[in-house]
Structures are given as structure tokens and as C-alpha cells.
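Visitor: One-letter residues, chain by chain:
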Amino acid sequence: GESVGLHLPTLSVQEGDNSIINCAYSNSASDYFIWYKQESGKGPQFIIDIRSNMDKRQGQRVTVLLNKTVKHLSLQIAATQPGDSAVYFCAENNAGNMLTFGGGTRLMVKP
Amino acid sequence: GAGVSQSPSNKVTEKGKDVELRCDPISGHTALYWYRQRLGQGLEFLIYFQGNSAPDKSGLPSDRFSAERTGESVSTLTIQRTQQEDSAVYLCASSLDAAGVYNSPLHFGNGTRLTVT
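Respectively, the protein sequence lines represent chains A and B.
Here our numbering runs 92 ahead of the position in the first sequence, where the first position is 1.
Here our numbering runs 69 ahead of the position in the second sequence, where the first position is 1.
Calculated directly from the structure, the hints in this document are not laboratory data.
Idealized CB from N, CA, C, for every residue including glycine.
Certain hints may be false.
To be verified - Pulled a few chain A residues facing chain B out of the computed Cβ check, cut under 8 Å:
id	residue
1	L103
2	I126
3	G133
4	K134
5	G135
6	F138
7	D141
8	G151
9	A171
10	G175
11	F181
12	L191
13	F193
14	G195
Said to hold, decoys possible - Below 27 Å or equal to it, Euclidean Cα-Cα: the simulated DSSO-like pairs (lysine-lysine) are:
id	chain 1	residue 1	chain 2	residue 2
15	B	K80	A	K134
16	A	K202	A	K134
17	B	K84	B	K126
18	B	K126	B	K80
19	B	K126	A	K134
20	A	K148	A	K160
21	B	K86	B	K126
22	A	K148	A	K163
23	B	K86	A	K163
24	A	K134	B	K84
With these hints in hand, go ahead and build the complete structure from the sequences.
Guide: If you want it as C-alpha cells, here you go:
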């Protein structure tokens with residue numbers, strides 16, 4: 093079936109640089125997307141979400157971009173810090189009551 | 070305030086035994102979800118409870134898996150006759166409304182790590 097996927101399984105960045113984590117989705121009917129951060133031994137933590145009627149949404153040091161034409165979602169983290177090291181998941185809502193999660197991207201921040 | 074609480078945090082069991090995992094959602098959250106996460110992988114939906122409606126069991130991988138929820142509070146996930154492929158982290162999440170509703174994000178517990186030997 094249709095699912096959310098990710099381009100890069102591991103991303104390594106230098107502390108202070110900006111990070112971009114990408115996600116491709118295949119269900120054009122999806123209307124709501126969320127990014128989660130999962131640290132080792134913990135459950136996923138909500139970061140930011142976006143509805144399909146938006147192209148961009150900004151939070152604190154994070155920005156989510158949605159390109160519906162190519163079905164692409166990205167998470168930008170400004171001035172990446174060691175505490176940002178984690179696995180990041182994108183998720184989409186395409187079935188009303190539940191989210192479908194992608195496989196995750198591991199972000200490693202080098203000091 | 071208190072988040073989603075899961076117990077036990079770790080469980081080691083022998084193949085063939087039954088296990089019961091517990092989830093205490095955030096108070097007032099009507100929706101409760103169970104997900105399974107195998108090592109290094111994403112989250113696999115198992116089951117969804119919403120208020121007093123019949124649960125959505127479409128993600129349960131076999132009839133060895135079942136779950137119950139008491140009203141809008143505690144939920145238990147039971148795995149009967151455990152197999153080695155059941156080894157994973159089982160995550161519970163709750164939300165104020167259904168997870169697909171904007172501004173009703175899922176809040177996850179830290180999961181139960183199940184190891185079947």
C-alpha cells in the first residue's frame with residue numbers, strides 16, 4: 093500500500109550548521125503531516141505539524157516545508173545542537189483516525 | 070503534568086509465554102493507540118481506541134495479539150504464546166481527539182521493550 097518513506101537513513105552534521113531531513117510520501121490524499129523526534133530509549137516526541145493547505149510552518153529553530161507537487165516533506169533545523177541528535181520520523185494522516193509513520197532518519201551532530 | 074505511562078519498561082519472556090503490557094494515557098485523552106517498533110525501524114500501527122466506539126484492530130498482526138481499554142483510561146496489550154519475532158518496543162500513545170485531527174498530536178509513552186528468548 094501507499095506509505096511514507098525517507099531518502100536518507102543517516103545524516104551527520106556539524107554543530108551549528110543547519111540540518112535538513114527529507115521525507116517522501118505517495119498518498120496524494122494525505123492532508124496532515126507531523127514530524128517526531130525520538131531519542132534513544134524514549135518514545136517519539138512531537139516537533140511540528142503542517143496541514144496540506146500550507147507550504148511552510150515555522151517553530152522554534154525548526155521549519156517544515158511541504159511540496160505537494162512532488163509529494164515531499166522536509167524538516168529544517170537551524171543551528172543544530174548536540175541535543176538534536178535523535179531519530180526523526182515523518183508521519184502522515186491519510187486514513188482519518190491514524191498516522192502512518194516513515195522509517196526514520198538518524199541525525200548525528202558532531203561537536 | 071503527567072505524560073503517557075507504560076509498564077513494565079522492559080520485559081524478558083520465554084517463547085510460548087503470554088505477556089501483558091500496560092498503558093496509562095494522559096487524563097482526558099479520548100484516543101489511545103498502540104504501535105510496535107522493531108529495532109531500527111519505524112512505527113507499525115497495531116490498534117486504536119476512541120471513546121466508547123469499537124476499537125480499530127486492523128493493525129494487529131495475528132490473533133495472538135489483543136488489547137482492551139477500560140473507558141477512557143488504562144489499556145492493556147496482551148500477546149499470547151509469544152514468538153521471537155514479537156521482540157520489539159511496544160509504544161502507547163494518546164491524543165485529545167483522533168490523531169488525524171489537526172492540533173491533536175499523539176503523545177507517546179517511553180514504551181515497553183519486549184524480548185522473547
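Visitor: Which of the numbered hints above does this structure break?
Guide: 1, 8, 9, 10 and 23
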